[in-house]
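Chains as they are written, first to last, in the numbering used here: chain A, -12 to 396; chain B, 309 to 542.
Mixed in with the good hints, there may be bad ones.
Unchecked claim - Restricting the straight-line Cα-Cα distance to at most 20 Å, the calculated cross-link-like pairs of lysine to any residue (SDA-like) are:
{"id": "1", "chain 1": "A", "residue 1": "K9", "chain 2": "B", "residue 2": "P406"}
{"id": "2", "chain 1": "B", "residue 1": "K448", "chain 2": "A", "residue 2": "N8"}
{"id": "3", "chain 1": "A", "residue 1": "K223", "chain 2": "A", "residue 2": "Q257"}
{"id": "4", "chain 1": "B", "residue 1": "K448", "chain 2": "A", "residue 2": "W2"}
{"id": "5", "chain 1": "A", "residue 1": "K107", "chain 2": "A", "residue 2": "D164"}
{"id": "6", "chain 1": "B", "residue 1": "K485", "chain 2": "B", "residue 2": "H446"}
{"id": "7", "chain 1": "A", "residue 1": "K221", "chain 2": "A", "residue 2": "G130"}
{"id": "8", "chain 1": "A", "residue 1": "K108", "chain 2": "A", "residue 2": "S173"}
{"id": "9", "chain 1": "B", "residue 1": "K500", "chain 2": "B", "residue 2": "S310"}
{"id": "10", "chain 1": "A", "residue 1": "K69", "chain 2": "A", "residue 2": "D252"}
{"id": "11", "chain 1": "B", "residue 1": "K448", "chain 2": "A", "residue 2": "I5"}
{"id": "12", "chain 1": "A", "residue 1": "K267", "chain 2": "A", "residue 2": "V44"}
{"id": "13", "chain 1": "B", "residue 1": "K469", "chain 2": "B", "residue 2": "P406"}
{"id": "14", "chain 1": "B", "residue 1": "K448", "chain 2": "A", "residue 2": "A3"}
{"id": "15", "chain 1": "A", "residue 1": "K9", "chain 2": "B", "residue 2": "R407"}
{"id": "16", "chain 1": "A", "residue 1": "K107", "chain 2": "A", "residue 2": "T157"}
{"id": "17", "chain 1": "A", "residue 1": "K89", "chain 2": "A", "residue 2": "R232"}
{"id": "18", "chain 1": "A", "residue 1": "K9", "chain 2": "B", "residue 2": "S408"}
{"id": "19", "chain 1": "A", "residue 1": "K221", "chain 2": "A", "residue 2": "T82"}
{"id": "20", "chain 1": "A", "residue 1": "K107", "chain 2": "A", "residue 2": "Q175"}
{"id": "21", "chain 1": "B", "residue 1": "K448", "chain 2": "A", "residue 2": "S(-1)"}
{"id": "22", "chain 1": "B", "residue 1": "K469", "chain 2": "B", "residue 2": "L493"}
{"id": "23", "chain 1": "B", "residue 1": "K448", "chain 2": "A", "residue 2": "R304"}
{"id": "24", "chain 1": "A", "residue 1": "K89", "chain 2": "A", "residue 2": "K267"}
{"id": "25", "chain 1": "B", "residue 1": "K485", "chain 2": "B", "residue 2": "G440"}
{"id": "26", "chain 1": "A", "residue 1": "K185", "chain 2": "A", "residue 2": "A111"}
{"id": "27", "chain 1": "A", "residue 1": "K72", "chain 2": "A", "residue 2": "R240"}
None of these hints come from the bench; they were simulated from the model.
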Amino acid sequence: MNLLTELAEGLSISWAAICANKMRSVLTTLGIIIGVVTVTLMGTAISGLNKSFLNTVSFIAPDVLFVDRFEWAPHSREEWLKIQKRRPLTLEQATQLEQRLKLSQAVAPMITSRGWVQYKKESAGGVNVIGTTDQFVYTGGIGISQGRFFSPAEADGGRPVCVIGSLVATNLFNGSDPLGARIQISNQPYEVVGVLQKQGTFIDSSFDNQVIIPIPQMIANFNHTRDLDQIQVKVKSLAGLEEAREELHSAMRQIRQLAPSDPDDFAINQQEQVLTMIHKVTGTIAAIGLFITGLSLFVGGIGIMNIMFVSVNERTREIGLRKAIGAKRRSILLQFLIEAATICLIGGLAGLGLAWPLTLLMQRFLPATLSPAIVGVALGVSLVTGLLSGILPAWRAARMNPVDALRNE
Amino acid sequence: MSLIRLNKISRRYQMGGETIHALREITLDIQRGEYVAIMGPSGSGKSTLMNLIGCLDTPSSGQYELNGVQVSEMDDNHLAEVRNREIGFIFQTFNLLPRSDALRNVELPLIYSGVPAEDRRRVALELLADVGLADRVHHKPNEMSGGQRQRVAVARALANKPSILLADEPTGNLDSKTGREILVLFDNLFQKGHTIIVVTHEEAVARHARRIIRILDGLIASDEPTDRNATAPS
Chain A
-12 MNLLTELAEG LSISWAAICA NKMRSVLTTL GIIIGVVTVT LMGTAISGLN KSFLNTVSFI
48 APDVLFVDRF EWAPHSREEW LKIQKRRPLT LEQATQLEQR LKLSQAVAPM ITSRGWVQYK
108 KESAGGVNVI GTTDQFVYTG GIGISQGRFF SPAEADGGRP VCVIGSLVAT NLFNGSDPLG
168 ARIQISNQPY EVVGVLQKQG TFIDSSFDNQ VIIPIPQMIA NFNHTRDLDQ IQVKVKSLAG
228 LEEAREELHS AMRQIRQLAP SDPDDFAINQ QEQVLTMIHK VTGTIAAIGL FITGLSLFVG
288 GIGIMNIMFV SVNERTREIG LRKAIGAKRR SILLQFLIEA ATICLIGGLA GLGLAWPLTL
348 LMQRFLPATL SPAIVGVALG VSLVTGLLSG ILPAWRAARM NPVDALRNE
Chain B
309 MSLIRLNKIS RRYQMGGETI HALREITLDI QRGEYVAIMG PSGSGKSTLM NLIGCLDTPS
369 SGQYELNGVQ VSEMDDNHLA EVRNREIGFI FQTFNLLPRS DALRNVELPL IYSGVPAEDR
429 RRVALELLAD VGLADRVHHK PNEMSGGQRQ RVAVARALAN KPSILLADEP TGNLDSKTGR
489 EILVLFDNLF QKGHTIIVVT HEEAVARHAR RIIRILDGLI ASDEPTDRNA TAPS
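Just chain A, with the same shape it has in the complex (with noise of 0.2 Å):
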């Protein structure tokens, strides 16, 4: 008997036994419906907050190092307390960073403080106000909507110009053209020439609330030193991302004149330890969460399991008989598993029509979607809770000796 027979006969038995016994069909089917829904929304959830988080860091390209005091992780108190000690970041290093550096094309120093922005009536506070170069244009990961960035004569000083983010603008235009305005920026006069594109995240809004003022400005009218927030470096390919990193390191070094023994004081940092850190976060949450909506599963499969078991006893001269006129074990063994399975995989696909206006639902807090992997892994999980449920039953089945199963009544 081929298989593919085997397969279309186990189907027919199968779903004439879920036909004859509805209501408990049913009622089984219930608890894998809600194992598959808790699972469903569960991915989707997840993936819709992993989506988010990554929207969040977007404008970290990869292709970017970020020159730092410190590296971006977690300090221990005593590691911080060590390197509070570390020197500066000065604007004089970055210039010569710009000028050594042959496998990056962009170098752009960062000096970031808070302010408050006015324009005429309308005013806001709280905003970010960064002091850079034209070169961020480059390294920011920013896109401009209207209008400019600023130019290379404009960030060594001459004007006082900036280029604004997109709830600055909407905060103190209210939907006239800022373009060629002159804002107050904590007190001090800018003309805006240009406006950043939307970013929007989940987490906050900071980078749309913010502006962007050339560098010279910033250490004049902000009151600071010339000591650097930050110092961005964009590589000229992403595939020469470790070479350049290296080139970055080494001259970073000499420029800070460390002797070899001396440990760094100073971190280069990229996009790929903020995604480390983001994967941890999220993945614990999806183990933590799969882990508790799949015992909703697991409960639904040993409803399965003890529905099957009956099946098997109420059909035990079925069996016999069967087993009499020449089915092997494997028949039978298959015939109860595609019972299970088809029992399984019907509530899998009424767990997504349920989940699916579930996750419409869910849409308005989170970028979540109910995408075709997690379709096939709702329906993969089904499938394999109809199999692992079925396969005891099924085997008690196929073990059946058929003279005591005719005997049976």
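Here the structure of chain A is known, so what remains is to put chain B in place on it, guided by the hints.
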């Protein structure tokens, strides 16, 4: 060559701490084309003998050669194949699948022997016509009379053209009229050359056979031809 050759077949069961000797060194030959009745009171071992002949069970000792093949040592799956090919079972309680119509019930052995769907259908329809149920092919068992159900069972038993028809009290659940009709059907099958073994405790049923084997306490008590031999086909 004998179709069935039992050589010193014994079958023992463990029940509690006790060993029950259901069959004690039975030696028996049945030729192709014979019509044999196996008789005996309950507990005599006749059901055990039938299960062994039908390859539903294996002997504790002794050899069983069916159609030239040693089956006494075969495993479950091989026995299933032999049953599918060589044995057509007819049960007292019909044992039809309740949710399947007559056609599908008759097709069942063909499914397990891997016959393609179209051939299955054709063979099953022919067989149902042969047993006089051409107009009942899509009836389910609960829509048919006892006699009709047993005819479906006979058609099913014949599906794979088995060497032996093995009937266990085939008229036990039928009234005397329909019982006689089934026995006439058996007579016809015998005339066509089928080998038939009927297990029964009714003398009237057994007398349709050409040879009666009586079992008592696990042994063959007698093995005699019946008076119908005079009219046996050549």
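Status of each hint after checking the structure:
1. Between K9 of chain A and P406 of chain B, the direct Cα distance comes to roughly 16 Å. Compliance with the 20 Å bound is thereby established for this hinted pair.
2. Under the criterion of a C-alpha separation no larger than 20 Å, the hint pairing K448 of chain B with N8 of chain A is consistent with the structure, at around 18 Å.
3. Distance check on the hinted pair: K223 of chain A and Q257 of chain A sit about 15 Å apart at the alpha-carbon level, within 20 Å; holds.
4. Note on K448 of chain B and W2 of chain A: the hinted pairing holds, with a Cα-Cα distance of about 17 Å set against a maximum of 20 Å.
5. Among the hinted pairs, K107 of chain A with D164 of chain A is consistent with the structure: their alpha-carbon atoms are about 14 Å apart, no more than 20 Å.
6. Annotation: proposed proximity of K485 of chain B to H446 of chain B is violated, straight-line Cα distance about 25 Å (limit 20 Å).
7. Pair hint K221 of chain A plus G130 of chain A holds up; C-alpha atoms about 16 Å apart against a cutoff of 20 Å.
8. Taking the CA atoms of K108 of chain A and S173 of chain A, the gap is about 14 Å. The hint holds against a cut of 20 Å.
9. About 19 Å separates the Cα atoms of K500 of chain B and S310 of chain B, which keeps this hinted pair within 20 Å; it holds.
10. Restraint check for K69 of chain A and D252 of chain A: satisfied, since their Cα atoms lie roughly 10 Å apart, inside the 20 Å limit.
11. The hinted pair formed by K448 of chain B and I5 of chain A meets the criterion: a straight-line CA distance of about 18 Å does not exceed 20 Å.
12. In summary, the hint linking K267 of chain A to V44 of chain A is supported, as the alpha carbons are separated by about 15 Å, within the 20 Å threshold.
13. Our distance criterion of 20 Å between C-alpha atoms is broken by K469 of chain B and P406 of chain B, whose separation comes to about 24 Å.
14. Restraint check for K448 of chain B and A3 of chain A: the C-alpha separation of about 13 Å stays at or below 20 Å, so the hint holds.
15. At roughly 14 Å between alpha-carbon atoms, K9 of chain A and R407 of chain B fall within 20 Å of each other, so this suggested pair holds.
16. Between K107 of chain A and T157 of chain A the alpha-carbon distance is near 14 Å, which keeps this suggested pair within the 20 Å criterion.
17. Taken as a hint, the K89 of chain A and R232 of chain A pair is honoured in the structure, with Cα atoms around 11 Å apart against an allowance of 20 Å.
18. Distance check on the hinted pair: K9 of chain A and S408 of chain B sit about 17 Å apart at the alpha-carbon level, within 20 Å; holds.
19. Using a Cα cut-off of 20 Å, the hinted pair K221 of chain A and T82 of chain A holds, with the two alpha carbons roughly 14 Å apart.
20. A distance of roughly 13 Å separates the Cα atoms of K107 of chain A and Q175 of chain A; the hinted pair therefore holds under the 20 Å criterion.
21. Proximity of K448 of chain B to S(-1) of chain A is assessed by CA-CA distance (about 16 Å); at most 20 Å being required, the pair is judged to hold.
22. For a cut-off of 20 Å, the pair hint linking K469 of chain B to L493 of chain B stands: about 16 Å separates their Cα positions.
23. Of the pairs offered as hints, the one joining K448 of chain B and R304 of chain A holds, with about 18 Å between alpha carbons and a cut-off of 20 Å not exceeded.
24. Our distance criterion of 20 Å between C-alpha atoms is broken by K89 of chain A and K267 of chain A, whose separation comes to about 34 Å.
25. A hinted pair counts as satisfied when its Cα atoms are at most 20 Å apart, and K485 of chain B with G440 of chain B qualifies at roughly 16 Å.
26. In summary, the hint linking K185 of chain A to A111 of chain A is supported, as the alpha carbons are separated by about 18 Å, within the 20 Å threshold.
27. Taking the CA atoms of K72 of chain A and R240 of chain A, the gap is about 16 Å. The hint holds against a cut of 20 Å.
In terms of the numbered hints stated before, the structure departs from hints 6, 13 and 24, listed from lowest to highest.
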